[in-house]
Each structure stands twice: as C-alpha cells, then as structure tokens.
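Residue-level listing of the chains:
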Amino acid sequence: MNLKFKIGLSVVYASILSVIALCIGLGEIISFIGLPIFPSPADMIGGFSLIVGASLILYGARDTIKLLYSGLSFYIVGIAIMLGIGLLHITILLADILDYYILCIGEVCQAYPLQIRPEISLFFLYLFSIYPFLSRFKFRREEE
Amino acid sequence: MKLSELKPGETGVITGVSGSGSIHRRLLSMGILPGTIIKVARYSPFGDPIEYEIRGVFLSLRRSEANYVEVEKIVPLYLIPPGEKVKIVVLDGGVGFVRNMSRMGIIPGREVEVIRPCCPMVVRTNLGEFYIGRGEAYRIYVR
Amino acid sequence: MLIALAGNPNTGKSSLFNAITGAHQHIGNWPGVTVEKKEGFAIFEGEKIKVVDLPGTYSLTAYSLEEIIARDFILKEEPDVVVDVIDATNLERNLYLLTELMELTDRIVVALNMFDEAKKKYKIDVEKMRKLLGLPVVPTVAIKGVGVDDLLREAVRGTFHPKKIDYPEDVEKRIEALENLLKNLNIKNPRWHAIKLIENDGEVRRKIASLGSKNILHMAEHMRHEIEDIYGDDIETLMASFRYSFAHGLFHEVAVPLNVGGVTITDMIDHVIAHKIFGLPIFLVVMYLSFQFVFTVAAPFQDAIDLIFNGKDLASGGHINGLIDLSYNWMASFLPAWASSFINYGMFRGLAAVLTFTPIIMLLFFILSLLEDSGYLARVAFLMDRLMRKIGMEGRGVISLMLGFGCNVPAIMSTRALKNERERKLSIALNPIIPCGARIQVFAFLTSIFFKENQALVLWSLLLLSMAVVAILGYIYSKTIFKGEGEPFVMELPPYRVPSLKGITIHMWEKSEGFLKKAGTIIILAAGIVWLAAALPWGVEFGGKESLIGQFAKFMAPIGAPFGITPEAIIALFFGFFAKEVVIDVFSVLYGSKDVLLAAMSPIQAYSLLLFILFYTPCVATLGAIYEETRSLRFVLFVILEGFTLALFFSFLVYNIGSLLGVGV
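Residue numbers (my numbering), protein chains in the order written: chain A, 1 to 144; chain B, 145 to 287; chain C, 288 to 952.
Just chain A, same shape as in the assembly (with noise of 0.2 Å):
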C-alpha cells in the first residue's frame, strides 16, 4: 500500500464520517428549533459545531488527497475539532455521572440513565483518520 493509496482511504473515510457528522448537526438544529424530524440532541450549537468541523474537513479533502499542504490544513483543522467535540461530550457525560451520584447522596437513585451521544461514537470514529496529519511531511505547496 504506497502513500497516496493510504492517505486516499483516509480522506475517504473521514468525508463519509463527515457528512454522516453534517447530518447529525442539522439534526441536531432543527430539533433545537422545534420541528422533531430526528431523535437526536437538541442543541443549536453543538449543531452548528459538528457542521463546521464536517464542512472544513470536506473543503480540505479534495486537496488532501492531491498531498497538498493547502488542502492538509483544512483537513486537519477540522478532525481537530471534531475529536475536541468528542472529548468535551465524553467529558460531560463522565462529569454528569460524577455530578449525579453526588446529589444522590441521601437518596434513593435509580441507576444513571445512560445516554451516549453521537459526538462520543464519532470521537471514536474519527481517530482513525488521523493518518494524513502524521505524514505531514510528504505533502507539498501548491506552486511546486
């Protein structure tokens, strides 16, 4: 397998995951908005960050997979934020746990209604796309 081959199925697999991702967040907006079209999250933000890290990592793709630097930094930006979307919700479901059981000292508690959300699995997902960032150095400027 050379280079372009891997970094290709990388690119790949990262714009499938980000439209899957572009999905969710509009999901994710319209629920906010009120119109119950998903089962997901409501929340406008969180929305609006899954679109903009899918959209970076889209615009950069094509680029990326021509190995250059221009498109490289899109790409890499946007799985960033992606994987910072992900450590943050799982950060949040650790801290609600936490937070849960604490204000169920004295009580009675039913166990902790565990919800995971989509931006956790796609954390997951996402790391395996990090290929292209890690062979930086084999790509090239556009005027070369």
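It is worth saying that the hints were derived from the structure and are not from the lab.
You can trust all of the hints, since none of them are fake.
Beta-carbon label-pair distances, calculated as ranges:
(1) A:Ile130 to C:Ser919: 51 to 61 Å
(2) A:Phe133 to B:Gly200: 21 to 31 Å
(3) C:Ala310 to B:Gly200: 35 to 45 Å
Note that this is a predicted model, so its numbers are computed, not measured.
Backbone N, C-alpha and C fix where the C-beta goes; we use that ideal spot for every residue, glycine too.
Since chain A is already given, all that's left is putting chains B and C on it; use the hints.
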C-alpha cells in the same frame, strides 16, 4: 507602493517608514526598517488587520498602520519561470551568503536570466551559468 | 549579588524567574506606577542572589513606562549581572534589545531561551555567538528548568569582554566627541548618554539639562541634524537601522535556518483560522467548547461543596446537616442563638458561597491560560480587531468580554492585558452588562417556569439583547465619554505550541488567588450585612414582611409596579446584589412551590423581571473587582448607575408596551 497594498503571498522590501509618535516608534522597534524584507502572510477575514512575516517572525498590523510603510514589491527567485530576465534587488543572508552570491555574479542591481526552474535552478549572470540550490533560491529577491 | 532579568515580552522571562527563585518571590509594583515588579532570591553555591524581573520591552527608548523603569534600574541600581532572556525562535528581533543593553552595561549573560523549539528552526552555533559577542551565552529551556544552573554559574563566575557595537564612521566620531564632553560631567556611562543625546532621548536630555550643560545639548542637536542630512532619514529610524544591521549580521553568522521555505504547522493552522469564511465560525466553536467544558466540569465540584457546607434537604423529608448546620449547633451551645446564626448562617454561608463559585473561576482561568499559552488568543485578537474597534476597543478586548459570560470578576481582572487606560476603562464599563454564569442560571430557572415551551428562545433573546446593548453602548461610549486614541496594534503572533500543564496550572493559580482574596472578603462581609437586614429588628420572622428587607420591599412596591416587579421580586433582587444565584433560593423560600410562583406573575411581568435582572447591577464581588482595577469609587457608582438605568429603561419599555398590546398579560 504602500505595504497595505501588497496581497497575501507577496513580498516587499521596505523603502521608508513614515508616521509619527508612538506608531512610528513601535514599527521601528519591531524591526520594520528600510531594507527589511517583509512578506504578507494573510489578511484577517475582515481584511484588517494583516499578518506579515518579517525577520522570521509573524506580526499583525492594522491597515492604517501598514499605510505608513513604503515598500517595493519583490519576488523570490524560485518563483521565476525559465526564460525570464530579472533584476536582483536584495539578498536575505549574512556576509557569507552575500559573498558566495557575489562570486556567481548575483549582486543587487545586476540582471540574471533563469535557464532552469527551481529546483535546483540554473541562472545565467554576467559571470556565467550557475546552479542555485533550493535554500538559496528562496533567499534571493528580484524584480 | 544582584541580577536583573531583561528581555522582550513573551520570551519566557517569567518562567525563568520562577525557575531561579522558586517560592522565594514577591510580587508588587514599581514605586508609584501600576507596572508589576517581581523580586526574589536564590541560593547558588552558597551565595545569596537577589533577582529582579524587569518589565519586558522591545527596546530602551524613553517612550514607555516599562522601558524607563528597565533602563533606570540598570543605570541606578547597577546590578552585578543583567540576564538578557532571548526567545531563540525569534532570534534576530530579540538581538535588537541586546544591542541596546550592551551599550548600557558590560556585564550581560545571554539566555537563549526556548532553545528546544529554536533547534527545530535553526542550527545555532552557540560557541560562535559567545566569541562574536564576548559575553557568556547559555541555552535554556526555562519551563523545564534546563540550563538554569549553567546560567547562574556564568552569572557568578563568567567573564565579560563585550565587543563594542560600531556605528558608521561619521556617527561614531560624533558620539566620541560628545562622550568626551560628558566625561567632564562625571556621569556613569558617558558613551550611552552620548548616544542617547544624539537620538534625542527626552529623559537623557532632561538629565543633562538639569546638570546645567546647555551647550552639550546644543551640540548634540547640531550633530543630530548633520547625521540626518547625511543619511536622509530621521534619527530614530537611522539609529534603529544601525542597531538592527548589527543584530542582522550577528544572526546570520550564528544561525542557519533549517527547512527554508517549508510549511510549519503554525502556518497551516493559521491558514484556516484566519480564513474569510471559516475564521469566525471556528472561533465560535472554540468558545462553545470552552464554556461548555467549564460549566459541566465545575458542576459536580460545586454540588459537592454545596452539599458539604449547606447539607441537603432529602426528598424523603429529612435533612442532612452540612458543616454550617453543625457549626451552628456547636456554637449555639455557648453563644446566644442569634450570634451563632449571624456567624454561621450569615458569614459562614457567605464563605460557602465563595467556595461554590471557585471551581468556575479556576476553570475559567484554566481555559484562559490554555488559550493564551497555546498562542490561540493572539489569533482571536487578530480576528476580532476590526469589530472591536467599532466599539472603541482593540482585538484583545474581546477576550474579557467573552470571559464575562463565565463570571464578570475574572473578566474584569483580565482587562489588565489592555495597555491603553481608556480602552481598559471602557472594557470594564461594558463588562457588567454581559450576563455571567450565575445570572444565566437564574434565567434558566425563571424561564423554565414561566416560558416552558419557548425556554431556549427566551434565553437566547436575553443573551442577544445583552450583546447588542454592549455593542451599541460601546459605540456610544467610544464616541463620547471614552473618546480618544487607540494603541498601535503591532502585535506578534507567536508560533502555536502545546502548552505545558505545569505552566497553565501556575498561571491558573496566580490568577485565581487574586480573585479569592478580593471577592472572598467582600462576599463574606456582604453576607453578614444581608443576614442583618433579614434578621433585624429583633424577633421578626427571618426575611419576612416585618424585617428590614421586608419593610424595604413594601416601601418599594409602588415603585416596582410600573415595571411589573412584585415586592417579592424586589426582595430577591436585593439578595441578588450579593450573589445572583441567591435569587433562586429566595424565590423558592418566598413562594414555596413552582406553581405558586407561576401564578404570582404574568408572563410579561416575568419577562420584565428577567430584563431587570439582566441589567440592574452586578454583584458585590464584581463591584469589588471594579474598584480594585480602577481605584475609583466614582467609577463603581457609574457602573451601578449604568446598570439601573438600563434595567429601568428596558423593564419599563417592555412591561408597558406589552401590557398595552395585551401580550402575555
């Protein structure tokens, strides 16, 4: 031309710094002086301020402040396509570099012709034809 | 032994200072000014070394307070060694200050800081640098503590044979002529004074004039004009150029750039961050991630602290005693009940309140330090400068405004980063309008009751309104009360770096400490006062109609009516003065259940109340911070007036127009 008129990616050599008071001083102490090479990295989304690369450092200047700086537009040699004749404006390097270049006839004010594009380049000067390595081609600025 | 640390801003000078002095440091101010002074000491090989951290400067002219402080210290206090802390990744520019320092003193040790990063950028010949300068040069990585011992060793035992920086012949001979004349005046370092006189340095001119040597001044002026004529440029530009050529030459002799024309990660990221379309949205996303992080991670800690101090009312009807309850019971055994109540349910409660918002404050400072140390904050200033200028501030001002959404106290403290006094005051005046986390919690509570269906919409309307008011008010202020010149915006954009956890934590502690001391004392005092107002006169029901507060509310009722504000709400607002979250507690106490509350006000009254809470006056802690930063009681009163005016205006408008139109009645 004014520094603010340079577009992203373009390079200039500073010919004058006007303005008065605190702005003038600030520009000077940051190394914005006649003879210095300055490159436009990018504009802010609103077109103002502008990010410049100077002496290896990235600085941001407002458009109004960049108006105080006069520059002459220059281009690094490595961008020049074969067949073109250009005039050397400034060399970005220490005494050693300047000396090596002058041995090849690459001296500010002289003309050279590009035979082979980067990299390595081949140029013809009044002293003959020479190879110019990548690192060198990036540091020779022409008009 | 006395060592002074000099250098450009952002070179890691403070990290080096911390590495040398450790815990033995004292932070104060230079006499008579608001510039921070850091002093400390270290013991090295049996010798006690006093270290003073001079303000970071790019040069040593007489034009800014920091520069004057730095050079006066070197001239008057004559430190045994001056350490020039150089950011080795930015070598050429940093060498400029070195040239100025070399004219001021012979005993300089050069610290090539951030050497680990510099090695990736240049191949640096340290030995050659030593030879060319004639001074000790020590590579250091201050945040990791690398090279610090070598640095101190050179300071104590190094040899100094600095090369003289030569100016062109015609300038040099004039300097020497002046120097000879100045020698007769018996001043230290006549050459430096001669150079400064030719440069038309205001402070040096004053000094020589006070020594009565008018003819020397005339001569210097004459020489200056001659030089300007020879070279065809003004003296400041000329002298700077001469020094920079030395720096430039030295740089190219000792450093070879690696990877010329390569693309750095910083370049790649900036390409996207400053993008026309993506730039701002990315900023919004980063802000979202930051605030969400702060509020959710803080929550469990806040609840834990609340539980520990205040105990808990169980759903089953019982009550767990918190520390405050326990303390009350204990004190009540030897003090009269009222005294125990005052101490515990008054002041101790106040302390608990402070501790409850400490997690938010610390996390906010954590995020702020993270964004700053990574280099992203400079990009934010770069992005937002244009917008900020429209409301009278510069790019960096957006950060304090953003912090306001977390808590106004750290936000106001962060305005120190704004150099320009006028901009700083403007920023402080606008900040209280931004609803902090506490206020947002109150909104969330009230909207969940009164506007259940449209909760998010109503919340957003409040946030957007506050931002609009900040923008409009900023614009008005910048054209009227806070009119004036801005600062030059020449700002460095440092390369991105992965900030060290240690570094961020240190910054976080430094800033949080300040908050805790200031806000803490004020809130505890305020809590005591509130308790008194609710408990007096003796024997009344706590916080009830007969107490001072209750009577105050009854008195204010007719005033509140045209704004749609009920007497109970007034009580809540009063308590909100000392901490906004308390408003929620007060409502719970006064109304008992949510349904009772719902019935007590019409939607339009509720919205009017929300607007009032949004603007009226910031909490006591914020006012305390404002006083601390401005040292002006007048300013604090101004902010209070500003708040009430906006609150009354909007409440009145909305309530009456709404009632007239029959909306939400």
